[in-house]
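**Student:** Listed here are the chains, written in short residue letters.
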Amino acid sequence: MKISEQDIKTVASLSRLRIRDDEKDDVLFQLNKILTYVENLQELDTTNVEPTTYALPIQNVFREDKVKPSLDRELALSNAPLKEDGYFKVPRVLEA
Amino acid sequence: MALYDKTAHELHDLLTTKKISAAELTADIFSRVEEMEDKIGAYLTLTRDKAEATAKLVDEKIARGDKISLLEGIPCAIKDNICTKGIRTTCASKILENFVPPYDATAYKKLVAQNSVIVGKANLDEFAMGSSTENSGFHTTHNPHDLERVPGGSSGGSTAAVAGGEAIFALGSDTGGSIRQPASFCGVVGLKPTYGRVSRYGLVAFASSLDQIGPITRDVTDCALVLNAICGHDDMDSTSTAAQVPDFTKSLIADVKGLKIGLPKEYFVKGIDAEIETAVRNVAKKFEELGAEIVEISLPHTEYAIATYYLIAPAEAATNLERYDGVSYGARVDGADVVEMMTNTRTEKFGEEVKRRIMIGNYALSAGYYDAYYLKALKVRTLIQKDFTDAFEKLDLILTPTTPNVAFKIGEMVADPLKMYLQDICTVPVNLAGLPGISIPCGVTKNNLPIGFQLIGKALDEETILKAAFTYEQSL
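Protein chains in written order, with our numbering: chain B, 1 to 96; chain Y, 1 to 476.
Isolated chain Y, as found in the complex (with noise of 0.2 Å):
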């Protein structure tokens, strides 16, 4: 097997074991990123000299006889709506496109102290508003599977990186689904932590009440290594919880018994890919078979959730977006008058789908409707807050599709935005309740096309589903 396609945790083995040295892996990777770049387009920017550099320190480290961390030296890429201090970060849009961050964020700062080897910034849907990458402001992505289909989205770019052999993981970040669901696309593990587990710290600002970071890996163990690394509290993000942060390679234990896993009927309705339900009640079944109890149940609001995120995601867009006015960062389109000046910035600069959120976010927020859409939407999310908290009174885990369907074609779905949305129904429920929810393979299709599953958990409880998810991964 290549250097590139091999995980984290057996590259560190061979790091620290000296049969490899950092120096070889980050050429090794950056041969495949020059392979594989123009058939799948997972970057906006390589930084290709930051990660040699890296290289050639954990490498004097090891020569050392230094102990190095479970990822230094270990190749990756970082969403391009992660802050990196003199790394352009562009969020996929022409408004951002010479945009050189002053700071990093936490998340990113964090695993520079780990001395990870950066490879570059990934694409994504401009702004994270998307499930394809399509909207990228720049190119669109393809999925390594088959290249005439779409990642997923937004965080595409990140999962096919990692799908493609172009880095052992990588940092996404997830607002309705947008790392669960290109994580299934692409046949790659993908977790949103629980809400304020990860700094939002540096991370652009879509929809603040639901974003957050979490990582893509090649399987359950890296996920509990990248998550080990990023998580915690910081003083630079008042929504980041003061919850102690486990060792969640203490989680990587293949053993279900006990553990209670509820199937809500909901998530199996009409629309749902016939093949995938068939393999998400397969893998109902093993968990079954390895121990666990599995629970028919019911999350009666789940209809409506589509709604909700799609009222309260563009509301909160629309304000985080205001900042972009041509004035302290960002493109300036020129205007007569100051107003001029903001319109033809934003409406030369932003793309067709964030001018569209923009727009609805603010017919949402706006007198008149307020009360009718906004406020009617922050209700219907605590029903569908509360299922998930009456569910778990009597559950571990709770088991669905990420994806009501497998990866699309590429431009099957752009002349219908609400059917793009509605992609979002298996995970936007989970960021609307601030759970933590994970994407793990569980197969192809008959057209070879990778099939993922989703784990949703208690708040703050990525344990079980790490153990979970390790059990399932290791019966295979």
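Bound conformation, chain B alone (with noise of 0.2 Å):
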């Protein structure tokens, strides 16, 4: 077993989903399958190996510091499930 129950309750917290009781074990079968079959690259030695997170060799890509137009209030506001004026409305973080 590559990954343990208590593994996927930590990584299902940590991608702020909930994993139900009765996908636990389907869960934990398909997860352990595709990590068992990556493990191949295990094989590999990459030690001298610099790792490439980009194929494009693209480095700091800098633009003009001149102020543009940027997206309306009202228009960033459209698609908010909840709003209050020009917020974005969210339950309380904070205690009273």
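It is worth saying that the hints were derived from the structure and are not from the lab. None of these values were measured; they are calculated from a predicted model. Among the clues, some could well be false.
Said to hold, decoys possible - In silico DSBU-like cross-links for lysine-lysine, where the CA-CA straight-line distance does not exceed 35 Å:
hint, chain 1, residue 1, chain 2, residue 2
1, B, LYS83, Y, LYS50
2, B, LYS89, Y, LYS94
3, Y, LYS56, Y, LYS109
4, Y, LYS50, B, LYS68
5, Y, LYS19, Y, LYS6
6, Y, LYS349, B, LYS33
7, Y, LYS349, B, LYS83
8, B, LYS9, Y, LYS94
9, Y, LYS18, Y, LYS56
10, Y, LYS39, Y, LYS50
11, Y, LYS67, Y, LYS109
12, Y, LYS349, Y, LYS409
13, B, LYS83, B, LYS66
14, Y, LYS386, Y, LYS286
15, Y, LYS257, Y, LYS6
16, B, LYS33, Y, LYS409
17, Y, LYS446, Y, LYS257
18, Y, LYS6, Y, LYS39
19, Y, LYS19, Y, LYS39
20, Y, LYS349, B, LYS9
21, B, LYS2, Y, LYS265
22, B, LYS83, Y, LYS109
23, B, LYS24, B, LYS2
24, B, LYS68, Y, LYS67
25, Y, LYS109, B, LYS68
26, B, LYS83, Y, LYS85
27, Y, LYS109, B, LYS66
With the hints in hand, could you dock these two chains into one complex?
**Tutor:** Here is the structure:
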């Protein structure tokens, strides 16, 4: 087993996801199958190999430091599930 | 031949010679959509009013004697992970079911600027994660060649629309094969440009170092036309390349004399359907007859590509999809506090495959596993890229099958995600290396299912790909 039930709980919590009891076994089975498969990378010696994050060598893309128009406030809020007085509204974070 | 079955360049000629009007063409497409959509299910949203308004505009221009551009008045489908201002963009996810983008994706905007007629937003696997459209949060698209089979994915709605006469061309996106694999399953042409060729601005992010928008068309000429329309540097996407964009129609020359084409042995191993192998080897023979040189080559790290991809893509996806938190846009499911609200929203609104990839991604990125999984995959990515760089020192193109098998039956693979991932074996190495690749139809199986071959080119060399693809197409 590459991944334990406890690992799944931790990863789900990091991912802000909840795994129901009745789907736990299947999630565990599928993730283990996939993680076992990707184990084949360990056969390769990559000691002196640099990682590639982007295929094209693009670095430090600058633009002129000039103010440009940005998204209108109403438009930016137009898809908000809940809004008030020009703000996104979320459940209370701090205790009153 | 019905109007809806023609290519964009044929229709352009009919429009400019006033044999048809853009309004007639649009009406013809929508009547075809009415006839076929129940069976195929290519679209998530239809935009008929907008389409008719654009067609009217084009007809007015033609009546005035104005010159029209090559894609003007031509009906097209847009994959529903490409943002369209004022038109719902769902990514086939319940979490974006009612999302109406406040801005346009650059590639789409360029088509709108050309007055292409937008038929609607095409179905996909949720957030482009899948190879069949079965992961769509709304419905599965059916393959026009056999309605019991998948169209491929994730751009399956786009390719089914083009194959089924519901659009003349389409935009798709390709992260690990999502244009080329469904193009092959549906018997159409699909090109993934070099990473950076087309702006990703407004393409809903799945795996940012791999995603690329590209054309899905009925022939190679249309592919060049659409590519001409959508390529180019964009200030809004810092990863879009500043490289000059050539006129791709200049590559539509039937001549492959002297071209060196590599046939990598790792792509012709067990697991590849025998009929596909035969068809692709026949393509190689055809290229040889036409004057190209075929060279047997090796890309030794091919067998590690799926593992590499299925660590990197989920890691990037897990990060990109953090934004769906029920706060600024998308669905929200209430909860007692912020964390519960976010957890409820994501748990209820994301589909199974998306959740699986988020979990794999966050696991691969988490403390203690980062080096063994994510970093290891990035290093192997370097080796895979080097395979191609080395091979291309002596080659112009690489020829492979696009897929290991033809379109499979709906439901056949849903229970086995890993088996579905292995579908991408011929296409993911190209994304990992950032190279351009095209899928071109090369016949059908004895069951009449389309087969496709893939041509892979050097970075920024879509021209040689188009030239060879055009030569093959013209030889038929």
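**Student:** Check each numbered hint from earlier against the structure, then list the numbers of those it violates in ascending order.
**Tutor:** none
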